[in-house]
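S.K.: Protein chains in written order, with this note's numbering: chain A, 411 to 709; chain B, 48 to 381.
Please note that a few of the clues may not be correct.
Chain A is nowhere near these chain B residues, computed Cβ spacing over 12 Å in every case [what the hints assert, rightly or not]:
| # | residue |
| --- | --- |
| 1 | S152 |
| 2 | V192 |
| 3 | S229 |
| 4 | G231 |
| 5 | S233 |
| 6 | A244 |
| 7 | T341 |
Here are some chain B residues pointing at chain A (derived, C-beta under 10 Å) [what the hints assert, rightly or not]:
| # | residue |
| --- | --- |
| 8 | F198 |
| 9 | A338 |
| 10 | A354 |
Rather than coming from a laboratory, the hints here were simulated on the basis of the structure. Remember, it's a predicted structure, so these values are computed and weren't measured experimentally. Beta carbons are placed, not taken as given, at the ideal position from N, Cα and C, and that holds for glycine.
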Amino acid sequence: MSTVSTSRTKRQSSARPTPPPSLAPRRTARVITTIVLCFVLVYFMAPVVWLFIASSKTTAQLLSTGSFMFADLSWGANWSALLEWTGGNFPRWVLNSLIYSCVAGVAGTLISVSCGYAIAKFQFPGRRVLLAVTMGGLLMPVALLTVPLYVLFHQIGLANTAWAVIIPSMVSPFGVFLGQVYAESSVPTELLEAARVDGASEARTFFTMVLRLLAPAMLTIFLFIFVATWNNVLLPLMMISTNELKPVTLGLYGMSTYFSPNKGAMMLGALLGVLPLIVLFLSLQRYWRSGLAAGAVKG
Amino acid sequence: MSVITSTAPRRPMSSADQATSPEGRTKTTGRQRMGRNTRHQAISGWLFALPFALAFLLVFVLPIISAVRASFFAQVASGGLYGGGERQDTFVGFDNFVTAATSLSFWRGIGRVMLFGVIQIPVMILAAMFLALLLDSFMVRRPGVWRLLYFLPYAIPGIIAAIVWSYLYQPELSPFAGAFPSMGGSPFFLSPQVMLASMANITTWTYTGYNMLIFLAALQAIPTELTEAARVDGASGWQITTQIKIPMVRGAALLATLLSIIGTVQLFNEPSMMRAVASWMGNDYMPMMMAYNTMMGQISPSGSGPASAISILIAAVAGVLAVAYAIVQSRMSR
Numbered sequence: 411m412s413t414v415s416t417s418r419t420k421r422q423s424s425a426r427p428t429p430p431p432s433l434a435p436r437r438t439a440r441v442i443t444t445i446v447l448c449f450v451l452v453y454f455m456a457p458v459v460w461l462f463i464a465s466s467k468t469t470a471q472l473l474s475t476g477s478f479m480f481a482d483l484s485w486g487a488n489w490s491a492l493l494e495w496t497g498g499n500f501p502r503w504v505l506n507s508l509i510y511s512c513v514a515g516v517a518g519t520l521i522s523v524s525c526g527y528a529i530a531k532f533q534f535p536g537r538r539v540l541l542a543v544t545m546g547g548l549l550m551p552v553a554l555l556t557v558p559l560y561v562l563f564h565q566i567g568l569a570n571t572a573w574a575v576i577i578p579s580m581v582s583p584f585g586v587f588l589g590q591v592y593a594e595s596s597v598p599t600e601l602l603e604a605a606r607v608d609g610a611s612e613a614r615t616f617f618t619m620v621l622r623l624l625a626p627a628m629l630t631i632f633l634f635i636f637v638a639t640w641n642n643v644l645l646p647l648m649m650i651s652t653n654e655l656k657p658v659t660l661g662l663y664g665m666s667t668y669f670s671p672n673k674g675a676m677m678l679g680a681l682l683g684v685l686p687l688i689v690l691f692l693s694l695q696r697y698w699r700s701g702l703a704a705g706a707v708k709g
Numbered sequence: 048m049s050v051i052t053s054t055a056p057r058r059p060m061s062s063a064d065q066a067t068s069p070e071g072r073t074k075t076t077g078r079q080r081m082g083r084n085t086r087h088q089a090i091s092g093w094l095f096a097l098p099f100a101l102a103f104l105l106v107f108v109l110p111i112i113s114a115v116r117a118s119f120f121a122q123v124a125s126g127g128l129y130g131g132g133e134r135q136d137t138f139v140g141f142d143n144f145v146t147a148a149t150s151l152s153f154w155r156g157i158g159r160v161m162l163f164g165v166i167q168i169p170v171m172i173l174a175a176m177f178l179a180l181l182l183d184s185f186m187v188r189r190p191g192v193w194r195l196l197y198f199l200p201y202a203i204p205g206i207i208a209a210i211v212w213s214y215l216y217q218p219e220l221s222p223f224a225g226a227f228p229s230m231g232g233s234p235f236f237l238s239p240q241v242m243l244a245s246m247a248n249i250t251t252w253t254y255t256g257y258n259m260l261i262f263l264a265a266l267q268a269i270p271t272e273l274t275e276a277a278r279v280d281g282a283s284g285w286q287i288t289t290q291i292k293i294p295m296v297r298g299a300a301l302l303a304t305l306l307s308i309i310g311t312v313q314l315f316n317e318p319s320m321m322r323a324v325a326s327w328m329g330n331d332y333m334p335m336m337m338a339y340n341t342m343m344g345q346i347s348p349s350g351s352g353p354a355s356a357i358s359i360l361i362a363a364v365a366g367v368l369a370v371a372y373a374i375v376q377s378r379m380s381r
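The shape of chain A in the complex, shown without the other chains (with noise of 0.2 Å):
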């Protein structure tokens, strides 16, 4: 447990801009190394590129004009293309998927730090067992789970409602295990000692104290779950038949299975289910490193 946060200090200590002078390698190396980064980049903004373009031609643009050059700017025909093919629903799928993953999200986030700074804080009878149990879940192969899961939510009711995608989506062994990798590294046994003293109860220290020193591996995971959520399609596909309840991937997915769809209205819609993850990416990318690091350190 202690290599874990050891380890932190030195990786943040080696966020490095400049190298000691001893390790600046050659021009020559230079050169081509960021010749071979340069073609690397081309194969993994490529689709990228070519969805943000493809999203503004019609069909028949897309047919006829060059792949990587835009024609008359269709996004308006496209997107009413989109709404009429969809009936309407397709704002709704974008909305249901940032409420499902918002929701997942928020929920998941508390309860894996929760379970996981019990975890790290205290001893209770069980804890290692659920510590065993919670890393075998980490090594699970989800998508598995997700036929018998359909049989039991449709068992109890709950098939074919926003919970059936939600509930799910909350449970996330990477949070418990992050959250109780922080809470050992970044929550000061003394703290809670002096807080016990001084006649605090054990929620309130976790709700004003605790809660923000947790703050950073929180973002972390709801960042993780967020995306999850918003990236599960097999699940939504079992559970969601209303169209109205339809995670976006979901809908879009049910579209491209269409005999002959329109395609500039598809690609649109490709573009406009992944803009806000982009989005929320790129805003907050630094908490994606902080947890793939304490994922690998630990690995």
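Let chain A serve as the given structure and place chain B on it in line with the hints.
M.R.: Just chain B now, with coordinates in the frame of chain A:
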């Protein structure tokens, strides 16, 4: 009291330890306070852990139990297939497992997944490690910008990435697919011979940046003094990379590979999406598709029993593969 709680997170001890030997601790705390503290720890700990524990029970444990139970039953359709209530569950013992385990299409699906994984996972992990080593080597200015752009595909939902690539694979839409010959009536990238590679490309595109970040985090945990000392001793950049950096990210490689094996076994989005543009693909092309379509009544025998049996078999195969990999890995590093 402070002695127990301050050592608690470091050295987990079971409640039995505390209950049986309370005298053996310190003299400054009385026996009574110790007992109260233990109980306080137990109650508070459980209250904080409870919401997650209950949710975990509902979402992980109960489905596993119900899947195991369901796998011993078959659904005899007396009503519609989607009726749920009208279906009659009949106990059939291990029949569902036998049916799935002797089904050619199940093992074909497993075979495709394994072929996919054996090629795609090493390519992706090595590419991720290569990129991480380059970005960690002071050879480029502003590694943060590269890192961010390489990681960006991970923000794109798998199903949307699959939609975009399935369009990029169609010659009439794509900037590059027209340059490839069609294979037996299908476009090159959508033909039976190339399909697995086309799907492997989609997952590689999505997850290489993610794995690269895992490697970068591990690389940055290596103290700079270590590489600098090696350099002072006359080691070349190549030697530092192969003899210090790569051995030190072995743990990260193990983690990334294990997660990739688990992800590959449950591949669903990419094959389902590709099926929309390549109609020759069966609805049992990959095992997870087979489980889903069995559940939904599109593959016979259908219903929750056969579908649960397939899911359990897939999980067993995944477990065997992951354990086998871990064993091989530890043999090799010895």
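S.K.: Now tell me, hint by hint, if it's right for this structure.
M.R.: Against the structure, the hints come out as follows:
no., hint, verdict
1, S152, "holds, 17 Å"
2, V192, "violated, 10 Å"
3, S229, "holds, 17 Å"
4, G231, "holds, 22 Å"
5, S233, "holds, 17 Å"
6, A244, "holds, 15 Å"
7, T341, "violated, 8 Å"
8, F198, "holds, 7 Å"
9, A338, "holds, 6 Å"
10, A354, "holds, 5 Å"
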